[in-house]
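Student: Spelled out from the first residue to the last, the chains are:
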Amino acid sequence: MNTVNTEIESKNKTAILNPPLQGGQGGELSGSQAVLEACIAEGVDTIFGYPGGAIMPIYDALYDYNDQLKHILVRHEQGGIHAGQGYARSSGKVGVVFATSGPGATNLVTGLADAMIDSTPLVCITGQVFAHLLGTDAFQETDVINITTPVTKWNCQVTDAAEIPHVLSKAFYIARTGRPGPVLIDITKNAQIQKFNYEGYIKCDHIRSYRPKPIIRKEYIEQAAALINQAKKPFVLFGQGIILGKAEKEFKAFIEKGGLPAAWTILGLSALPTDHPQNVGMLGMHGNYGPNVLTNECDVLIAIGMRFDDRVTGRLDKYAKQAKIIHLDIDPAEIDKNVKADVPVWGDCKETLPMLTQLIEAKQHTAWLAKFNEYTQQEIDIVIQEELHPKEGEITMGEVIHLLNELTNGDAIIVTDVGQHQMVACRYAKFNQSKSNVTSGGLGTMGFALPAAIGAKFGAMDRTVVAVIGDGGFQMTLQEMGTIMQTELNVKILILNNRFLGMVRQWQQLFNDKRYSFVDIQSPDYVQLAKAYGIAGQSVDDRTILKSALKTMLEHNGSYLLEVMVGKENNVFPMVPQGCSVSEIRLK
Amino acid sequence: MKAEYTITVYTENQVGLLNRIAIIFSRRKINIESLNVSPSEAEGIHRFTVVINETEEVVRKLCRQIEKQIEVLKAYFNTNEEIIWQEMALYKVSTDEVAEKLKVERLLREYGARAVVIRKDYTIFETTGHREETDRLVEVLAPYGLIEFVRSARVAIIKASKGFHEKLKEFEAVEPAEELIENEFLDKADQVFTM
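Taken in sequence, the protein lines are chains A and B.
Every letter in the first sequence is one number past the one before it in this note's numbering, and letter 420, counting from 1, is 420.
For this note's numbering, add 1000 to where a residue sits in the second sequence, where the first one is 1.
Quick caveat, the hints were computed from the structure, so don't treat them as lab data.
Certain hints may be false.
Unchecked claim - Covered stretches of chain A, as calculated for chain B (at least 3 residues, CB under 8 Å):
#1 148-158
#2 207-214
#3 319-333
Claimed, not checked - Over the 10 Å line for every Cβ pair with chain A, so calculated as not near, a few chain B residues:
#4 1096
#5 1128
#6 1151
#7 1166
Claimed, not checked - Covered stretches of chain B (in silico footprint by chain A; criterion: 3 or more residues with CB under 8 Å from a CB of chain A, positions within the stretch not fixed):
#8 1015-1025
#9 1064-1072
Beta carbons are placed, not taken as given, at the ideal position from N, Cα and C, and that holds for glycine.
I would like the entire structure built from these sequences, with the hints used as guidance.
Tutor: Written out as structure tokens, the structure reads:
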């Protein structure tokens, strides 16, 4: 070993492992080793994956990297990618997922679509058959690149090991910058095996055809500030852009200076503490009364890092027509996509918000804010009181969440699945800090919560993670209890069992004359099932012991499954019926 | 109101990009009338020319979705008034037929056609022009037994464009220069749509 080599080795002590570099120029590395070196260089600590034929060389290399990269063996690739999403959402880092070719890769598709629509940064690495077999219908060969093109921010196939460092540095850069999203890299088996002269890993910081941040135009900041300063009834809508842009502080300073009431989309939830006096609640179909009605009364609507999803806007031609719209977004394609902006503020909200805050006048909109509170009071009287504090009858989902708030004090990460329990949890869960709400918003992926909770826990080991799941969604990915068992992870599973596919049943009741078509779903004995996986648990249908059962769950040393039998035919209200304007929101 | 729009996209040369761009249209059930991929004036940069029939609003949104793709540098859209365009067509006819019944010379003169190949058994003509022009020759040749006809995609030059060389330099800079800030919301007067 010569001196140059020793120097390099000591410099890159953590980055270069096995085999040791062979010369001053770098060293011989296999494609597989280069993949793992890239992960280490990018600061990856956890990988969620599942091995298979076409990714075996990478798994073989992983055997030697076990002390630097924690690999979590999931039970299904969909579980792997949802775990990657949960990890990314709770940690703010890029989630990394490994899967093999063919079915391994196609099992990622739901998670990719979910991450795409919810802007979650992921790098997925799939094995692929040998390059010379591409297009021959080889065993476990599938055209992963073309299958995943519509659901990835970027994807790329690698057939030559020498390309791996460069392609992976691009992948991580693209996944985390700008509007984040999932990236998939498909690596043929020959490239994984191939040795090449590794010249070190250079982090990507520029791609000429990719501009992650649009340039901020001052005149728009000025126009936006002027509109806000003139406004009598300004109203802020915020989405996940605040969290992705790590601009929670900047956002809080902005609304506090302007005295602006702010409502959230479900992905924006937890960007602002839920008990902040200017946090007026949730937008959209099952959102709060005030924010929906007053959307059609405000004079200036300030949308920040949100994309005017149809579940938020209801009927578009009756949406905030009276208001001037200011839209802050990092993605130029979002401006004017659904709602025409009067003032588009392109850019990273971490930068645009402080600029805006500087230009707006310090104000209080007391009367206007009071109006939200009046609507809140009506909502409490007609919906919330009964949901959170029922005196008799079946347990409601709302009271479970309410008791959970009392016990966690809003410090837990709440991961939700999709359906009624999701809406109830988002409506009533209390959050003190950002990156605490993990849910499948845009795609509405049932089965998301359990694996996402596993990932969320790995992304924030010091925090309590509670997965709130319906009886339908839990049965879609319950095999991931095996992952919990093997990793001895501490995840709380709270099943709200109404013995129905509740949201679909609610719609069938309200809009299909109670024709309950295939929503009557049976459940296994979840407590027994959990027990089989070595997870403690209990089932509760008695209100008097609900709180102590939740306490037991939270205090249990390790994972715990608590099933709560809730009202069979309870509905989530308020509700903006499909095709109606947000101001036509129903309280019952 | 729907109209014919020509979308010009400058891109990197990357496998799979054609699919990425094509699915932006197919996802929205928009039919591509014509699609051409070629090198551009800038080295290493490819140029897609896509013709569709849509409203300006839809075309504007499509262009934003196209520009969102990592390997796309720029997407412009233009009405027919704003571009110079050509399509090329090839016609194969029996040499006997045209020689006997139709004066080849007359064809060449009247339709600006060119004989590419003249063989004993067949002759191949070529014309370039707008669709109406290339279509006209099809009509004329039809009675004489048109054996084969094929027309290329549209290629178009944007009248107001100054080419892509300068723009490319701006893209290559790590930090984009101030002057390249463009905005379609204010700069409506600009004949060329840019984002």
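Student: Check each numbered hint against the structure and report the violated ones by number, ascending.
Tutor: none
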